[in-house]
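As they're listed, the protein sequences go chains B and U.
For the first sequence, this note's numbering begins at 387 and goes up steadily by one.
For the second sequence, this note's numbering begins at 387 and goes up steadily by one.
None of these hints come from the bench; they were simulated from the model.
Please note that the accuracy of each hint is not assured.
[What the hints assert, rightly or not] Some chain B residues near chain U, calculated using beta-carbon distances under 10 Å: (1) Pro503; (2) Gly532; (3) Asp542; (4) Ile556.
By construction, the Cβ of each residue, glycine as well, lies at the ideal position given by its N, Cα and C atoms.
Spelled out from the first residue to the last, the chains are:
Number of protein chains: 2
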Amino acid sequence: MAKFIERLDKAASSNRSLLSIGIDPAPSSMPIDDIATFTTAIIEATSDLVCAYKPQMAFFEAEGIAGLRALEATIRAIPSNIPIILDAKRGDIGNTSAAYAKAAFEVWGADAITVSPYMGTDSVDPFTAYSDRGVFVLTRTSNPGGADFEDKLLLDSNEPLYIEVTRRAIQWNSHGNVGLVVGATTPDELTRVRDICGDMPILLPGIGAQGGDLESSISNGVDRHGRRAIINVARGVLYASSGADFAEAARREATRIRDSINTELDRLGYPWE
Amino acid sequence: MAKFIERLDKAASSNRSLLSIGIDPAPSSMPIDDIATFTTAIIEATSDLVCAYKPQMAFFEAEGIAGLRALEATIRAIPSNIPIILDAKRGDIGNTSAAYAKAAFEVWGADAITVSPYMGTDSVDPFTAYSDRGVFVLTRTSNPGGADFEDKLLLDSNEPLYIEVTRRAIQWNSHGNVGLVVGATTPDELTRVRDICGDMPILLPGIGAQGGDLESSISNGVDRHGRRAIINVARGVLYASSGADFAEAARREATRIRDSINTELDRLGYPWE
Numbered sequence: 387m388a389k390f391i392e393r394l395d396k397a398a399s400s401n402r403s404l405l406s407i408g409i410d411p412a413p414s415s416m417p418i419d420d421i422a423t424f425t426t427a428i429i430e431a432t433s434d435l436v437c438a439y440k441p442q443m444a445f446f447e448a449e450g451i452a453g454l455r456a457l458e459a460t461i462r463a464i465p466s467n468i469p470i471i472l473d474a475k476r477g478d479i480g481n482t483s484a485a486y487a488k489a490a491f492e493v494w495g496a497d498a499i500t501v502s503p504y505m506g507t508d509s510v511d512p513f514t515a516y517s518d519r520g521v522f523v524l525t526r527t528s529n530p531g532g533a534d535f536e537d538k539l540l541l542d543s544n545e546p547l548y549i550e551v552t553r554r555a556i557q558w559n560s561h562g563n564v565g566l567v568v569g570a571t572t573p574d575e576l577t578r579v580r581d582i583c584g585d586m587p588i589l590l591p592g593i594g595a596q597g598g599d600l601e602s603s604i605s606n607g608v609d610r611h612g613r614r615a616i617i618n619v620a621r622g623v624l625y626a627s628s629g630a631d632f633a634e635a636a637r638r639e640a641t642r643i644r645d646s647i648n649t650e651l652d653r654l655g656y657p658w659e
Numbered sequence: 387m388a389k390f391i392e393r394l395d396k397a398a399s400s401n402r403s404l405l406s407i408g409i410d411p412a413p414s415s416m417p418i419d420d421i422a423t424f425t426t427a428i429i430e431a432t433s434d435l436v437c438a439y440k441p442q443m444a445f446f447e448a449e450g451i452a453g454l455r456a457l458e459a460t461i462r463a464i465p466s467n468i469p470i471i472l473d474a475k476r477g478d479i480g481n482t483s484a485a486y487a488k489a490a491f492e493v494w495g496a497d498a499i500t501v502s503p504y505m506g507t508d509s510v511d512p513f514t515a516y517s518d519r520g521v522f523v524l525t526r527t528s529n530p531g532g533a534d535f536e537d538k539l540l541l542d543s544n545e546p547l548y549i550e551v552t553r554r555a556i557q558w559n560s561h562g563n564v565g566l567v568v569g570a571t572t573p574d575e576l577t578r579v580r581d582i583c584g585d586m587p588i589l590l591p592g593i594g595a596q597g598g599d600l601e602s603s604i605s606n607g608v609d610r611h612g613r614r615a616i617i618n619v620a621r622g623v624l625y626a627s628s629g630a631d632f633a634e635a636a637r638r639e640a641t642r643i644r645d646s647i648n649t650e651l652d653r654l655g656y657p658w659e
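Just chain B, with the same shape it has in the complex (with noise of 0.2 Å):
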């Protein structure tokens, strides 16, 4: 299997987008009940506009052993070009570590994970270890939250918490497999990490529903040939609309956002070849 990189890179430039789609089914929220005909239905209707797939497993685990067997036909539904990134914020001990890892590779089949990195090094190896998926460590997150801990600045760098786990992430790459996730809401924070990480891709959520701003996180997200970032939206997909029409509506909300992404790629002098 190539790279997870690389099928990153090539989803992106074929469908011409750097917009990830959320797949947080929260039945409250879905148009219609079944969970898997819902995100089976989002991603017929999405799969030539987007550069991967973030399922979110809280929302599968949520409903129990019927929630999983949805995940395995969400994740049966992605045409295989198109990375699955599975958002999970996993890490624990190594050998527990290895299991998440397992279990998100060889059982679900995803294609990148996101990691916790408050274990530290032994808490991510694992998924690391599998050098042919993508491992994405959380940064600086886009949530209130995320100012509490991640923006604490150490003594001993005068530097926050979110710039260590960046170097760090940076010392974790040797295979070449590692991105970080850092959220669309704090676009200063967006442009520390870009400034120091290189080329590693970078994931943010928080664009939408938790009201980051799309064109500073693409100017400020993006690497210097205006590529790796993953532009990630999950509820203002996903429920554009509330009735029958819900999967056209998809389609034309991701189509609008893809477009609006692109429009500001060319305004910075990366347009697609």
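Go by the hints and put chain U onto chain B.
Frame of chain B; chain U shown alone:
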């Protein structure tokens, strides 16, 4: 339902035990093939010796849907008077943490969960909102990488990150349902956390396979009444024998550890009544 801490205290005093058994069913280590048969036998052989069981989600997830069915069976096998601490180390933005909390407490039926603090207050709130359930916050973990970030000194306090997490966890304890996870491998850090957190429960993994010392974990970990330390052992009990006598061997080893803990409690002047 009584509060988690009351159920924990009651199980501890009725079994005269601060021992928790970690249920980490790794097929490569198991003496028999079927996870649910294995975990049920372990539970039946030990449930009068423990104050809690701690199933590790990762080992069940690693076996896919069949593994999660085994988790259901495992949880069903645990007597209702013994609290179940689901080791999952979850944490995400608010609406996603709410889905994880629903999964842990409503789907799987856990009495408590472990959470990661990295994403801050709003990532933990949806768990503590279940006021009758327990929430154990990762503080200073038992693994080598626990030093990478958790030990970093903060500029504003000149204290390590794990102490800042402890202070936040105290703030998060308004429902009286928060505990801390501190590795048995770092006795000095355990002492500092206990000094600050009063009588909050501390979950102590790391005895046995990870090299933590039992006596110092008890003397440094208990509260001023000699209680509220949950000494977790997984591999040492589960895999005490690789033969057909695995359940009897697990019982022997659990008895030995429980009694060693009680000998130390006696020595410290905290006998059971």
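Verification of the supplied hints:
1. Contact between Pro503/B and chain U, as hinted, is supported at the beta carbon level, the nearest pair being about 6 Å apart and thus within 10 Å.
2. Here the hint on Gly532/B is kept, as its CB sits about 6 Å from the closest CB of chain U, short of 10 Å.
3. Checking Asp542/B against chain U by beta carbon gives a least distance of about 7 Å; that is within 10 Å, so the hint holds.
4. The criterion of a C-beta within 10 Å of any C-beta in chain U is not met by Ile556/B, whose closest approach is roughly 14 Å, and the hint is violated.
This entry does not satisfy hint 4, going by the numbered hints stated previously; all others are met.
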